[in-house]
Amino acid sequence: MTRPPSAPPLPAAFLSTPIAHRALHDRAAGRPENSRVAIAAAVAAGYGIEIDVQMSADGRAMVFHDDALDRLTEATGPLRARDADTLGAITLRDGAEGIPTLREVLSLVAGRVPLLIEVKDQDGALGPRTGDLERAVAGDLAGYAGPVAVMSFNPHAVRHLAQAAPDLPRGLTTCAFDQADWDLPADRCDALRRIAAYDEVGASFVSHQHGDLSAPRVAQLKSQGAAVLCWTIRSPTEETAARRVADNVTFEGYTPAPVPA
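Each residue of the sequence shown is one higher than the one before, counting from 1 in the UniProt record's numbering.
Don't read these hints as lab results, they were simulated from the structure. One thing to keep in mind: the hints can contain errors.
For lysine to aspartate or glutamate, the following EDC-like pairs were computed, each having C-alpha atoms within a straight-line distance of at most 20 Å [to be verified]: (1) K120 with D140; (2) K120 with D132; (3) K120 with E104; (4) K222 with D247; (5) K222 with D212; (6) K120 with D70; (7) K120 with D183; (8) K120 with D67; (9) K120 with D178; (10) K120 with D83; (11) K120 with D66; (12) K222 with D199; (13) K120 with D181; (14) K120 with D52; (15) K120 with D58.
Turn these sequences into a full structure, and let the hints steer you where they fit.
Printed below as a string of structure tokens:
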């Protein structure tokens, strides 16, 4: 398969503006993760925003983290079994809104802060059964004016993003890939841990698990010009440690200060 060209670099705003994980969510305050109200709060505070997308039964990109509806709503079963209108009418737990589409979120953010979109694995095992959600995301982003980037744990998904939207900054979501935490063969975990597909998919950044930022491969990629983001920082102490390696942090549960230019 032909290797895609390298992606554009991340816009500078992704390196200077802390990124709110699943938006500026706080269930106690009525702001569920990936909700419109949490997104609006992040925009108002001037933070970047990380969101997740899954695919509805009718092929729409929906802003939602899990495969299943159970944890985040009163509904049950896989999100992909329901169409976008039905999902939009399902209220998020501890909130008053339904599940938004990516198009709705793009209209809400309107380019005012950096938007980092994680395309969730649709294969089930980080394998090659991808493409439909990636094309839906690319279609929604066509003509979007503002700092935006896409990423996925699944290198196949990133390759499809490269094909569907070659002009978008794209990266790999990465971690230690401990086999105890992933239902994958050992050799597959090893390849993912080595971030072996970085060049193959034409990535320009990684978003790496903060507890594994000392991995030699992260340092190697950074020395070669890759931007390094990290997830998920939950305290100023973790942020200080992460910034020794990472160019920026994805955070939740506290409010970091902007990084001086």
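Cross-check of the supplied hints:
1. Among the hinted pairs, K120 with D140 is consistent with the structure: their alpha-carbon atoms are about 16 Å apart, no more than 20 Å.
2. The hinted pair formed by K120 and D132 meets the criterion: a straight-line CA distance of about 12 Å does not exceed 20 Å.
3. Between the alpha carbons of K120 and E104 the distance comes to roughly 18 Å, so the proposed pair stays at or under 20 Å and holds.
4. With a C-alpha separation of about 9 Å, the suggested pairing of K222 with D247 holds against the 20 Å cut-off.
5. Restraint check for K222 and D212: the C-alpha separation of about 14 Å stays at or below 20 Å, so the hint holds.
6. Of the supplied pair hints, the one linking K120 and D70 holds, its CA atoms being roughly 17 Å apart against a limit of 20 Å.
7. About 16 Å separates the Cα atoms of K120 and D183, which keeps this hinted pair within 20 Å; it holds.
8. For a cut-off of 20 Å, the pair hint linking K120 to D67 stands: about 8 Å separates their Cα positions.
9. Restraint check for K120 and D178: the C-alpha separation of about 19 Å stays at or below 20 Å, so the hint holds.
10. Taking the CA atoms of K120 and D83, the gap is about 17 Å. The hint holds against a cut of 20 Å.
11. Pair hint K120 plus D66 holds up; C-alpha atoms about 8 Å apart against a cutoff of 20 Å.
12. A distance of roughly 13 Å separates the Cα atoms of K222 and D199; the hinted pair therefore holds under the 20 Å criterion.
13. Note on K120 and D181: the hinted pairing holds, with a Cα-Cα distance of about 17 Å set against a maximum of 20 Å.
14. At roughly 7 Å between alpha-carbon atoms, K120 and D52 fall within 20 Å of each other, so this suggested pair holds.
15. Taking the CA atoms of K120 and D58, the gap is about 17 Å. The hint holds against a cut of 20 Å.
Going through the hint list in order, the structure satisfies each hint without exception.
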